[in-house]
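Enquirer: This is what each chain is made of:
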Amino acid sequence: MGGPAYDCLTNPLGAVRFSFVNALSSGYDPASSVGKDWGVVDLFRHYFSDESAISQVPVLDSSSIKWVQPKTLVRFRGMIQDMLGNEFYAGAYKDDTTWRTNKYSDVSQFPEGSSTEMKVWERRLLYCVPVPGQNQWTECSSQELKNRFLDLTGQNREKRVRVDEEMTDSIDSNALEAGLNGSPFKKMKVGEATSSASESQVPQSSGIPPATSTESLPCLVKMYDSPESDLKLNDVVEFLGVLTFDPIVMMDTDSLDENSDDLSEAESVQMPSGKVPRLHCLIHRKLETQHFLRGSSLLPEPKSPQIFKEIRESLMKYLTGLLGNDHIASQFLLLHLLSKVHGRVDNVAVGKLSLNLIHLNKESMSIFGTQLSDALKSLLPFTQSIPLTIEYLNTASLGPKKDYRINRLMPGVLQIADGTHLILDETELQPGTLNSVGVENANLLKNLLECQKVEYDFQYYKMEMATDVQMLIFSEGKSNIMPADLVLPFQPSQVNSLEVITPETAEAWRCYLATCKSLPHSIGQELQQVVENDLVAARQTDRSLGSQDLSRLLTMARMMSVSYGETTLSLEHWQMVLELERLRKERLK
Amino acid sequence: MASDSSPGNTNDGPSSPGENVSSPIENTYSSPAALHRRRRGRSSTPTQFATPPPPPTRLASSNSTPPTSRPSAARSNGRNGRGGGGGGGGGDPGTPLSTDEPLPSSDDGEDDGADDTTPTFVWGTNISVQDVKSAIEMFVKHFREARENSEDLFREGKYMVSIRKVIEIEGEWIDVDAFDVFDYDPDLYNKMVRYPLEVLAIFDIVLMDIVSTINRLFEKHVQVRIFNLRTSTSMRNLNPSDIEKMISLKGMIIRSSSIIPEIREAVFRCLVCGYFSDPIIVDRGKISEPPTCLKQECMAKNSMTIVHNRCRFADKQIVRLQETPDEIPEGGTPHTVSLLLHDKLVDNGKPGDRIEVTGIYRAMTVRVGPAHRTVKSVFKTYIDCLHIKKASKLRMSAEDPMDVDNSLRRVNEDVELDEEKLRKFQELSKQPDIYERLSRSLAPNIWELDDVKKGLLCQLFGGNALNLASGANFRGDINILLVGDPGTSKSQLLQYIHKLSPRGIYTSGRGSSAVGLTAYVAKDPETGETVLESGALVLSDRGICCIDEFDKMSDSARSMLHEVMEQQTVSIAKAGIIASLNARTSVLACANPSGSRYNPRLSVIENIHLPPTLLSRFDLIYLILDKPDEQTDRRLAKHIVALHFENAESAQEEAIDITTLTTYVSYARKNIHPKLSDEAAEELTRGYVEMRKAGKFAGSSKKVITATPRQIESLIRLSEALARMRFSEWVEKHDVDEAFRLLRVAMQQSATDHATGTIDMDLINTGVSASERMRRDTFVSSIRDIALEKMQIGGSSMRLSELLEELKKHGGNINTEIHLHDVRKAVATLSSEGFLVVEGDRIKRV
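Chains as they are written, first to last, in our numbering: chain Z, 6 to 594; chain H, 1054 to 1899.
Simulated from the structure, these hints should not be mistaken for lab results. Be careful, since some hints might not be right.
[Stated by the list, open to error] Every beta carbon over 12 Å from chain H, so not counted as near; a handful from chain Z, in silico:
id	residue
1	D42
2	F93
3	N412
4	N448
5	M470
6	Q499
7	E586
8	R592
[To be verified] Covered by chain Z, according to a simulated footprint, are these stretches of chain H (three or more residues, beta-carbon under 8 Å):
id	stretch
9	1302-1308
10	1355-1367
11	1764-1770
12	1882-1896
Cβ coordinates follow ideal geometry from the N, Cα and C atoms, glycine included.
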């Protein structure tokens, strides 16, 4: 692609324009193109084809927003929380005789009235939030980038301003300057701290609860040229694109009259770009756990079972320690951590393995529960925990709900990304009356456990969304409200002090878990026969075994097998599972 | 207009969005004349087409106040409906005439002017205005529906008739079926869809012409409303090329604004001299207040003030339409689009309604701020509505007026059936093996249990409820009880039905409090197990209430069921008021035997400890016994292994998928109300009598009841349900035969007296079979004999075990095994007769 006549990092729009000019000269016709890509995507893909180039791009989050510059390239990692539909924009216009484009920018740059022809193109709006329950270790530190960046801008500030001005000659230069100082964002942060300040600015925004915490930064991503089926709700995606903000945010909002509010997508009203930055996405990719790992790579393929075995052993030791030397519990915990839904037939989600540890009370919960949830936080990318109390169930909004007043999907606690780990703590639950909200919430949780589906409330109808959540339940007795796949009495023998783990070990374990989860799995012809026979035999001896129990055994077998880095089930692992199950049954008696 | 991308054109007028915003003042460009105006203009003088592009103005200026009826006051009222659309000042830029040309305002008349000019074209196209006009005239005057052409060749065309009608009732619009337009003149149809603004304007002119020829004095504006386009767009597929096109799409109203009065004409009064100005018409969303008094003598400055009650306003409403659930792809959220309604269309639908809209898709620029010149490069889109059709009321038909609880309706009940789906269903219902197919599609991954599934199918479809004038009600709901061993996938069946049924509630008997919307969390003090106690029955009105672990239900909740299952109401006493709530629900319950396994030696009632009174209210009682069968187990194992290691779709051969099944069921429930044919009625009677007679066979001494009137009601319900499955309005003989078979199968399992092998309804009705009763009688008499023989009145007592020994020795007429509890029962009978006294373990004669 073209030479470095532009800097993809700091002047992406320049690159876009450059390639547009190139494309025009080679016969690209904006009048009939409907805004189809003219090579920009390839250009950027090429430029960011390897991980190291990508890591040069600052990640947009609540801290970096203070220093990143608008109109530069940034990354945003988040979950698609809502889809706001399509937006039509003036994509290309003719400036005298040459075509110009507005693609990847918010504000039309032509002096109005001077253009003779204009084409309307469309783009998709996605409202993204940081992944709920995202753990600290997944965040990439942008510190060094920041320093570098500040250096750069510090030195070249004057120059940059001039350059930018040239590029965007038509824009009100006051606004531009304001933007360049980074002030709108900074101000907004300050404003948020003193919550009243922001309210006056945006009267309606108070209706939208902050995504999860005050620190999280949502982002409005504008997608170009991507098929609709490509991205789904709740996908975790990394977007790479141009950061923009509207200089107009500071406009008086009160003068907007009612009618125009009603007609507009209201997005500008509810989500002033001061609060929600806009990202014009150039390229994107779906994120898997490995993308959060430092090395960004999975363990080598199963060629080296030894490595798997070693890491497995050390992890098992750690988990056993956490669980007060309860070996069986730690075995089950490991299997549980490796579970994921890998198929759906009717209402059956194949591969889920929820675990209910029982015989926990408030006291033991405070020891083991906390330790465990801390440990999981350091091992898994996304974790959440829900305290099951009457008050919580009666008041929380677990299921996402559409608010038609502002035409937005209000996030619920259960709108979470696939692969999230969810701890339900039932030890605090006391007898009491659930109101209708509580009943609804309890049903949502139960449905999630049984079918791995969450009902989204669109008021006039409900829609079920498939999710994939690992659920761990702590309770005193078997929870009938939350019927888990596995019920295991927890029998710790001692309390261990928390072992300090080195970052390297933690990284290795994370990597191990991510790798195992992603392994494919199959079964040999012979073993299939063995398994079948065993299942039949099991049912002959215990008639109370239902298909769910048998199915669970197979799920466990799969997890057991992948935990050793194997992709086919072996007899040994199958027998280990049967043995584990026997031990569990024994405990239950 | 430049073909597809209309926005393009707009620009070329000076009108680029920007300026509308910034300064409406620059008249030089005619800019955002409301299209209304444009229309007006056009209507009056088609000439204007000639030059200027009045391309639809999608760029409506940001002025939010839309339609500005321009010059021709007279017409302005009705018209703006569509044109003015929110945009208000559309780009409609360069129509020179608009501003500068004097617009002839009188309605009629000037159309003729068109003729003398050279052919005029719709701007940017080769569509000749005259051609279109004459095509429309031809259509309106001569279109006749196909069927009427033979006899009444000389009658007026369809639309002439409706024009006359409109004049008569002083209506304001004429609905025109787009199919008719297409049939008559496909070319006109295409032009209309592609250039709706222009063509509709001409259409209106033509209409007005015709109206005025019929009735010169008719003053109202008659507009055309097109509906029923040939193609319907999905909301998701709207794209820039649809802008300014006529489209039609379906959706659900989710929100509607209040009615916004929109000013059309303003009247000002001079504060100094009291002079009233002529009505001033909205221009580009603004009304300019005259700076000076218009009266020559006064000329006072800044003295004009608006007189509100002499201004004219029109209704406007903004409605948001959302995709219906079936159009949303997996992992997406529904799209929405705004609709702009005017005048008569206002309040035509309310949130929750499903409608089909015909309108013009438009876009307008977003003004950055009222005081800003800059315009965002973004457009707001909306649909300027021409016509709204509410979706068919299919689903409401079967509801009675008491049904106010729309909010509770679940999705599947709302599913609309379009023609195509309906046809598919009809086709499906005609299949000879529909019954088998349906039952196969029910819980396809649970095997065997074919008859149980058929029974459940009947329950889903249900019989006809009957309300006699006398006040007697016969329920149409079929209640089913499944009794069986643990691990026989009863619960899964329940879950499945719950998912399928229109408004199902799934609850566990362990703490169903039957009523109430709240639930109680209970904790077992010993084990710490938690349970949710929820009320279920009221919530499942007109649905199926699935009760798992029926046997564990508390007695109070169960007693409530008596009422529910026969009267179909629930009574609640609260604060001294007894409320009777409808609970027209079918009950599907499943129960585990009280012992861990079903004991075939005992009766159903003994096995599940349910009161016989309740049991008899179930139409079908199935015993699902787990016979240790390796073959079945192997199949299960195979299936599960496949589920995990292959793409386990294999299990479901040609089963009907669950959504189709649900809609099929709810459609049948709503629309099919089969009646008994004579033949079927005869068969019913004959079968019933036969069943009654069957009891006599076992020996005349025992009176075995093999059928009760309850059964015949059940049979009717079952056969109605069977007919429903075929969408048949008549219950045929074979339905009755099948109903008998189902009943027999169910009864054979549950009501068979194991001692004799015959069906005995007493088992269900009283819990004791006739043979058992006889056995007990003999027992009692032999104990009496023994007692008479061995004991004196007031003499020594006798241990029960001794008595048992005696009985065994005695043998004689007792041929079966004797248990201690049998003896106890018999002794209890004797003591109640006053023959014996029981003292702990011993008995004494008195």
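Enquirer: E586/Z: least C-beta distance to chain H exceeds 12 Å?
Expert: holds, 15 Å
Enquirer: Beyond 12 Å on every Cβ pair: is that true for N448/Z relative to chain H?
Expert: violated, 9 Å
Enquirer: Is the Cβ of R592/Z farther than 12 Å from every Cβ of chain H?
Expert: holds, 14 Å
Enquirer: Under a C-beta cut-off of less than 8 Å, do 3 or more residues of the stretch 1764-1770 of chain H approach chain Z closely enough to confirm the stated coverage?
Expert: That given contact is violated, which follows from only 0 residues of the stretch 1764-1770 of chain H lying within Cβ reach (below 8 Å) of chain Z.
Enquirer: Please confirm whether Q499/Z is truly not at the interface, meaning its C-beta sits more than 12 Å away from all C-beta atoms of chain H.
Expert: It holds; Q499/Z is separated from chain H by about 23 Å at its closest Cβ, greater than 12 Å.
Enquirer: Beyond 12 Å from every Cβ of chain H: is that where the Cβ of D42/Z lies?
Expert: At roughly 16 Å from the nearest Cβ of chain H, D42/Z sits farther out than 12 Å, so the non-interface label holds.
Enquirer: Would you assess whether M470/Z, listed as outside the interface, keeps its beta-carbon beyond 12 Å of every beta-carbon in chain H?
Expert: It is violated; M470/Z is separated from chain H by about 7 Å at its closest Cβ, not greater than 12 Å.
Enquirer: State whether the coverage of the stretch 1302-1308 of chain H by chain Z holds or is violated, taking the criterion as 3 or more residues with Cβ-Cβ distances under 8 Å.
Expert: Three-residue rule met by the stretch 1302-1308 of chain H, so holds; n is 3.
Enquirer: Taking a Cβ-Cβ distance under 8 Å as contact, does the stretch 1355-1367 of chain H have three or more residues in contact with chain Z?
Expert: violated (count 0)
Enquirer: In terms of Cβ atoms, is chain H entirely out of 12 Å range of N412/Z?
Expert: Non-interface label on N412/Z violated, nearest chain H Cβ at 6 Å vs cutoff 12 Å.
Enquirer: Just checking, F93/Z versus chain H, shortest CB gap more than 12 Å?
Expert: violated, 4 Å
Enquirer: Please verify the coverage claim for the stretch 1882-1896 of chain H: does it have three or more residues whose C-beta sits within 8 Å of some C-beta in chain Z?
Expert: With 0 residues close enough to chain Z, the hint is violated.
Of the numbered hints given earlier, the model fails hints 2, 3, 4, 5, 10, 11, 12; all others are met.
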